[in-house]
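One letter stands for each residue in the lines below.
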Amino acid sequence: MTGDNEFEGGISRRHALECMLWAGTGVLWGLSGGVPRSIGLLDGAAAAEAASGFTFLQISDSHVGFDKPANPHALDTLKEAIDRLKALPQKPAFMLHTGDITHLSKPDQFDNAAQLIGSAGVQVHYVPGEHDIVDEGTGKAYLERYGRNTKGAGWYSFDDHGVHFIGLVNVANLKAGGLGSLGSEQLEWLEDDLKPLRASTPIVVFAHIPLWSVYPSWGWGTDDAAVALGYLKRFGSVTVLNGHIHQLMQKVEGNVTFHTARSTAFPQPAPGAAPSPGPMLVPAEKLRSLLGITSVSYSQGKEALAITDTALADR
Amino acid sequence: MTALKWAALAAFFVLGSGAHAEDTVIEIANFTFNPPEVTVKPGTTVTWKNTDDIPHLVVEDATKFRSKPLDTGETFSMTFSEPGEIDYFCGLHPHMKGKIIVKP
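These protein sequence lines are chains Z and W, in that order.
Just so you know, we're using this note's numbering here: the first sequence kicks off at 2 and counts up by one.
Just so you know, we're using this note's numbering here: the second sequence kicks off at 1423 and counts up by one.
Here chain W stands alone, though its shape is the one from the complex (with noise of 0.2 Å):
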């Protein structure tokens, strides 16, 4: 492999990881997370919009981070910087759960 592809490469990865991820969105619409499980980079954010008539509230399982209540139309966002698996639910109607899967 040529040193120009290798910086090609690490570029890539560069981009990939850093701050240039891109970003996601999460529509909450009929009382489901859509889509329900999501695989994003590290540093990308990831934004929850509700689109239903009643409010929604985004709890990671452990509470970890906790929205305040989504009224219809409005949004929260969250930045995911470290590998793992975030299981979340509605703090509302806790039926409805979401993932979201971290991983370069």
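One chain only, chain Z, in its complex shape (with noise of 0.2 Å):
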């Protein structure tokens, strides 16, 4: 692949990683001067982490108290999700929770997502999901336990190992007729928040809703997404981890790459594959295998993140 052959290479790169998200959970990213390669299983992920020492978990959509048919045990499986983050060889350095921290922004279902999600002894940065602001305060009980140092509806954004992470909230405010939206004084922010950085810091963002088309007739997008990838365009690596999908999506967009967690909560349907984006029913058997956690890995001098999907099934 040549420099000068930017539009085929972009396909086959894209090709090679729809090829690779189908091989399924456990498969470590690696992506080494534009062109991705599968490092290995689960092994390789804690080789690659060990090489760089530097590695974050992404949880999502824990939707506490959600009880329906499709997981009636909810906390359990979030305390399963839990259980995995304690029993690694190497304490990630933080957590990312791209919201639905709760299923109905009750204070019962708050307590409980902090008590569990705090005995992990990691460091958590949340943004909020649209079940986390549907308290009669629209977002109040939210920003009370997680709104410090933080904007508006709760975005904000931190540095760590030279990486810069920017939390924002797409759940706010939302439109008749609309997708998710970040609004003009979010946008605002992003951009001044970005201007003083060099074009070779790598950057993470992270929000509950894609920032990308997933699914419009489905809600899977953000309307105004394309104003903030904007304001990212002049740098080197950037990362988008979100939520909301309850399933694994991942797409490469020039230096863009964009990656949906799975929910610990229940699974959803692959856009179109079901006539409601509800929760989706599944064996019981299957349910833990569409249930997990990412993690992701920086190595210094690396174009890209290293992004490892591990379902609750996988040994």
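Read the hints as simulated data drawn from the structure, not as lab findings.
Hints may be right or wrong, so weigh each one.
[Claimed, not checked] Partner residues are not named here, just some residues of chain W that face chain Z (Cβ under 8 Å, in silico):
no., residue
1, Asn1452
2, Asp1474
3, Asp1475
4, Ile1476
5, Pro1477
6, Asp1483
7, Phe1487
8, Asp1493
9, His1515
10, Val1524
[Stated by the list, open to error] If the Cβ cut is set under 8 Å, some of the chain Z residues that face chain W in the computed set are:
no., residue
11, Ala177
12, Gly178
13, Leu180
14, Ser218
For each residue, glycine too, the CB sits at the ideal point set by N, CA and C.
Assembling the complex is the task here: the two chains are given apart, and the hints tell you how they should meet.
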């Protein structure tokens, strides 16, 4: 692949990534010089982590309080996910929670989530999902718990190991007929936040609803994501981590890798595969192969971050 | 027209626009409001009932009213006394839209 033939390179790269996504769970994603390669199964992930020393986890859509047939025990599967984290030979630097912590924003649901996730003993950076802001104060309960040092509906940024992390909120002030939305105030903040950064700074953006158009007729996209992505264009390495759709999905576009994580509560159907995106009922023995967590490793000097998805059923 | 007929017609209108207007149920199923558009007489109480396994939330487009999140089997009711058109959507899944037309 040569630099002057980017179009062809883009196609083959995307195709390769699609193939790898179908290879199933437990595959470590490695991108070296723009060429993706599968490094191996989970022991490979551990090796890469040891080499770089910087790994963080993403959990998403824990929906604490959910008790419907698709998973009557959403708190138990969240506990299994946290147990996975505890069993890691090397503790992750921190954890990102990409929203829908609770199912109905109720105080006991926030309490149960905080207690269980807190038991991991790892710092957690949250962004809200739409289920976290349906309290009477439309988000007041979330901000009281997680809004310290955030702006607006709960957005913020921080730096760790030379990587710039940006937590965005695209579930607030949603408009009739629309998709997820960032809004002008947050976009202005983002533009300012990025201004002082060098283009070589690796960027990780995390938000609940996908920042790419996964399936708009089910609301799986963000109306003004293109504006945010425009501000991110000049950066050499951008990783966008989302939740909301309760299944793995990945897309690479230029320097941007988009990735959605599994839920720890219940799976949702593939786009268009069911009459609606509601919780997907699967045989009990299959449930844990569709729930899981995501691990992300950063190696200095590498263009892209390595993303590993692990299902609760994986051994 | 006889006096009796006038009286019957007047009684019909009182019934049609008054407290006895027939109440309407909108079922929320498969991420849609069903029926998505209803025409009701002034004074009608409209009840939304969520039958999905995921909560939904009824919000008027300009937030003139907003329900609490409706979990499976839960309902929300509003009585519409003034003629007009009310557009609403789901506060959790804004691609879900519905309309109520209130006319005598």
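Verification of the supplied hints:
1. Asn1452: For Asn1452 of chain W, the interface hint holds, since the closest Cβ of chain Z sits about 4 Å away, which is under 8 Å.
2. Asp1474: holds, 5 Å
3. Asp1475: It holds, given that the least Cβ distance between Asp1475 of chain W and chain Z is near 4 Å, below 8 Å.
4. Ile1476: holds, 5 Å
5. Pro1477: holds, 6 Å
6. Asp1483: holds, 5 Å
7. Phe1487: violated, 13 Å
8. Asp1493: Since the shortest Cβ distance to chain Z is 7 Å, the answer is holds.
9. His1515: holds, 5 Å
10. Val1524: violated, 18 Å
11. Ala177: Since the shortest Cβ distance to chain W is 4 Å, the answer is holds.
12. Gly178: Hint on Gly178 of chain Z: holds, closest Cβ of chain W at ~6 Å, below 8 Å.
13. Leu180: holds, 7 Å
14. Ser218: holds, 7 Å
Hint violations for this structure: numbers 7 and 10, all remaining hints satisfied.
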